[in-house]
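In this text, residue positions in the sequence shown follow my numbering: the first is 187, and each later residue adds one.
The hints are simulated quantities; they were obtained by calculation from the structure and are not laboratory data. Every value quoted in this text rests on a predicted model; they were computed, and no experiment measured them. One or more of the hints may lead you astray.
[As the list claims (entries may be wrong)] Restraint ranges, calculated between C-beta atoms of paired labels, are given here:
1) THR496 to GLY586: 54 to 62 angstroms
2) ILE249 to PHE202: 22 to 30 angstroms
3) ARG576 to LEU464: 46 to 54 angstroms
4) VAL621 to TYR481: 35 to 43 angstroms
5) LEU385 to PRO863: 21 to 29 angstroms
6) LEU803 to TYR755: 19 to 27 angstroms
Just so you know, even glycine gets a beta-carbon here, dropped at the ideal spot from N, CA and C.
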Amino acid sequence: EDDSPYPEVRSAVANFDDPDMPVSTLRAWMLGVLWAMVLPGMNQFFYFRYPTITVGQVVPILITFPIGRGLARFTPQWRILGAQLNPGPFTIKEHVLVTVMAGVGAMAAYATEIIAVQRVYYNQDFNFAYQWMLVMSTQLIGFSIGGLARKLLVTPASMIWPSTLVYCALFNTLHSASYAGIGPREGMTRERFFTYAFLASTLWCEVDFFPGYLFRALSMFTWVCWIAPNNVKVNLLFGYESGMGYSILSFDWNEISYIGSPLATPWWAQVNVFAGFLFFYWFLAPLLYFLNVWYSQYMPISSPGSYDNTGRPYNLTRILYANATFNEAGYKEYSPLYISTTFALSYGLSFASISATIVHALLYFRKPIRYHLSRSLTEQPDVHAQLMARYPPVPEWWYGCIFAATFAFACACVEGWPTRMPIWALVVALLIALVYIVPVGMIQAVTNRQVGLNVITELIIGYMLPGRPVAMMMYTWGYITMSQGLFFAADMKLSHYMKIPPRVMFAGQVVATVIAGTAQLGVMSWCALCLNDCDRNGFTCANTEVFATASVIWGVIGPAHIFSQGIYYPLLFFFLLGVLCPLICWLITRRYPDTMLNYWSCADPMSISLMFTGIGLIPPATAVNYVPWAVFGFIFQFLIRRRHFAFWAKYNYVLSAALEAGTAIGVILVYFCLQYPLNGRIGESSIATWWGNTVFKNTSDWNGTPLRQLAPGETFG
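Using the sequences plus the hints, can you model the full thing?
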């Protein structure tokens with residue numbers, strides 16, 4: 187009754203609160219607004235470069251801490267408009283508020299992709315009003331829906347949100363908070379442990395200096411391919427760039443944590459994700475490839491690109507009219523579109539994950555959803571919910587007003603400019619997000635994995651409105667609304683754990699989102715150089731090019747040509763697979779409650795969904811991201827947690843935060859010290875040319891060599 191029933195939460199979150207602690211102070215808002223401009227603008231700038239660099243929330247956490255302490259020490263005791271300029275020591279609640287404001291818009295806004303593709307590929311350079319309303323609607327509609335679902339996704343104790351525990355541990359470590367969950371274990375303090383781990387990670391792989399600059403072969407540790415660089419079959423199986431990654435090892439934390447921190451994801455969730463990886467990626471994908479299903483042997487086994495019937499990259503200009511609409515005659519004259527085996531499987535698994543999520547929600551979550559809908563905050567048994575009950579909640583109509591305003595922005599965008607997207611399609615997209623946000627949110631809150639809706643929304647709009655690429659891109663309201671809603675829900679859970687008043691958090695999230703979106707638009711306009719010439723000054727706009735290709739595949743060619751009438755139609759049966767698998771497991775476990783299948787399914791009712799959606803990042807992710815991730819998870823979340831629980835409780839999340847912080851700080855140091863000066867030409871004739879930085883490139887894996895190669899003039903399919 188005095189603490190959380192979950193040991194993960196107890197190890198990272200304090201079970202007490204000081205309601206008199208300052209939080210909504212002038213200095214907190216000043217720092218929060220500053221970060222809301224700097225961090226989103228910085229990430230938007232890096233987003234158009236290659237490789238893309240993302241500066242996460244750990245950086246403002248670490249930088250804000252000494253700044254806040256300095257302001258508390260040197261700011262005079264003045265009042266401005268009745269507000270105390272220096273209310274005393276810099277508190278942990280102020281720190282959390284600043285960090286949330288820095289992070290709510292830190293990632294590059296999805297709508298900026300739409301604007302960039304419209305400008306470059308479809309010659310639609312609409313004014314700032316359109317761009318601003320598009321960004322605000324995509325960001326804040328999700329916030330309003332996430333806020334309305336907070337009773338189901340935030341307040342229940344079972345909704346853990348593992349990713350937030352890392353930040354909770356870091357905040358409590360920096361502010362030297364002591365609480366029962368730390369445990370009685372003796373040894374070095376968490377502050378000292380964090381310092382040592384942070385410095386070590388920064389000096390090694392987290393700085394991205396040794397494996398990412400001096401010795402890049404350690405990051406792409408395809409040692410088997412180095413032995414037989416021209417053996418295509420060996421490279422297909424052991425390569426990381428376009429192979430299956432049986433080489434297993436990597437020494438780069440950037441690669442290991444690419445799909446999420448293995449120290450924050452529960453072990454049972456990692457087991458299910460890795461089981462799906464082993465079956466679908468390491469067993470089924472090679473089987474399909476070597477059987478030449480979908481003519482796959484004429485392409486690399488794993489690639490995010492698309493190909494024509496000569497095995498070359500697909501030439502999109504040959505199937506487009508000048509106004510960027512579908513040229514069906516040119517399409518028939520040119521070639522069908524082909525994709526790699528892993529890419530095709532990723533689409534199928536995306537279809538299965540969608541249907542499996544719905545079935546799981548109906549079978550396992552219908553009672554919890556109905557139960558929590560009827561419960562109030564004060565009736566929650568969790569100590570954190572009881573402590574939060576003393577603060578006035580956010581009225582539902584506040585979220586309703588945000589939704590009404592941003593929905594009006596969305597309607598103005600689709601009707602006021604030639605997007606060829608009707609309002610009814612916008613409503614359908616939002617209904618998809620509304621239906622999925624609770625079941626997907628429950629899965630993410632427990633497993634730290636999110637089921638993405640981007641593929642299913644693209645599939646739906648491709649059938650509903652074929653030949654309208656701009657409408658297809660804008661239909662991602664169905665995906666980004668849910669994704670943003672869950673992102674805000676995670677921040678709400680962070681504030682729930684750290685006892686931030688809900689109304690203060692609401693104001694901080696809304697204000698920071700508006701500022702961040704506006705700053706990102708400004709940076710994107712400043713980066714117009716990238717959008718007009720993607721090869722100058724280090725700008726490549728790789729993500730924009732990928733999104734543009736997707737708009738052509740789903741919006742121009744359409745799924746009817748690729749799936750219904752094409753060779754990839756069997757992938758549609760994955761929808762049925764997603765329905766049958768959880769249903770069969772549920773029926774068997776009800777009939778035979780003592781079976782091992784019951785232990786696997788009922789102990790984790792999201793097992794099937796995790797197996798389907800856990801490997802959704804492949805491609806571009808490969809085995810180099812999944813295998814070391816599972817190994818680290820086994821060590822920390824299974825062995826150490828089971829055999830040395832006191833050590834795990836005290837240091838696990840602190841170590842995860844230290845590794846993430848070292849990565850973020852290191853990326854910034856390497857970029858501005860080694861890549862930004864001289865346009866990245868430092869060491870191009872020395873360090874960049876030695877064996878450790880070239881051996882992995884002189885292989886069939888790096889060159890994407892397929893098993894079968896055509897003679898000039900030949901075609902397949």
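Determine which of the earlier numbered hints do not hold for this structure and return their numbers in increasing order. Per hint list: zero violations.
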